[in-house]
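Chemist: Numbering-wise, the sequence shown is residues 1 to 163 according to the UniProt record's numbering.
Keep in mind the hints are simulated off the structure, nothing from the lab. Virtual Cβ for every residue (Gly too), placed ideally from N, Cα, C. There are no misleading hints in this set.
Using C-beta positions, here's what the derived DEER-type ranges look like:
1. N102 / A72: 13 to 23 Å
2. P124 / R151: 20 to 30 Å
3. N53 / P108: 22 to 32 Å
4. N102 / I39: 22 to 32 Å
5. E99 / P5: 33 to 43 Å
6. R73 / K152: 20 to 30 Å
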Amino acid sequence: MTLKPFEDVVAEHGPTVLRVCRAVVGPVDAEDAWSETFIAAMRAYPDLRPGSNVEAWLVTIAHRKALDHIRARDRRPVPTDELPEQTTDRGLPGGHDPELWNAVGALPMKQRAAVAYHYLAGLPYTEIAVILGNSPDASRRAAADGIAALRKTLSISVSGDIT
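Using the sequences and the hints given, assemble the complete structure.
Modeler: In structure tokens form, the structure reads like this:
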């Protein structure tokens with residue numbers, strides 16, 4: 001069995017990876033994390049074993065790139081109050097609900113990642129556990145706690161589709 005052309009992989013999984021990046025790092029860094037994910041994936045793709053779960057593999061790479069962006073963001077100087085920070089809808093597939101995305105961004109990292117990987121990427125908790133380095137039960141709990149926090153923050157019923 002041979003691997004699909006990489007362009008087909010990008011076309012098929014690109015939107016999912018962008019949603020995951022958007023949920024984990026926010027709209028400002030999402031496109032950069034997405035690009036870095038696919039650059040790293042392109043380099044490693046020829047060595048990917050046929051039959052591998054490409055989506056889970058890409059989400060794992062996106063997770064690592066997102067963590068790199070978060071760490072880099074924490075090292076950057078804080079902007080002054082002279083220029084107000086403006087929100088953007090770039091990198092926000094499926095909607096322009098800043099209240100929802102701010103609530104997702106306010107979740108603790110493990111909860112935010114578990115919610116993004118399960119509800120946006122559709123990954124099972126066993127694969128999320130591998131990405132996050134915990135157990136499937138811990139991943140399920142983090143996602144449940146994240147959804148509960150979103151429901152409380154937004155005072156709405158959150159369905160399986162956050163976009």
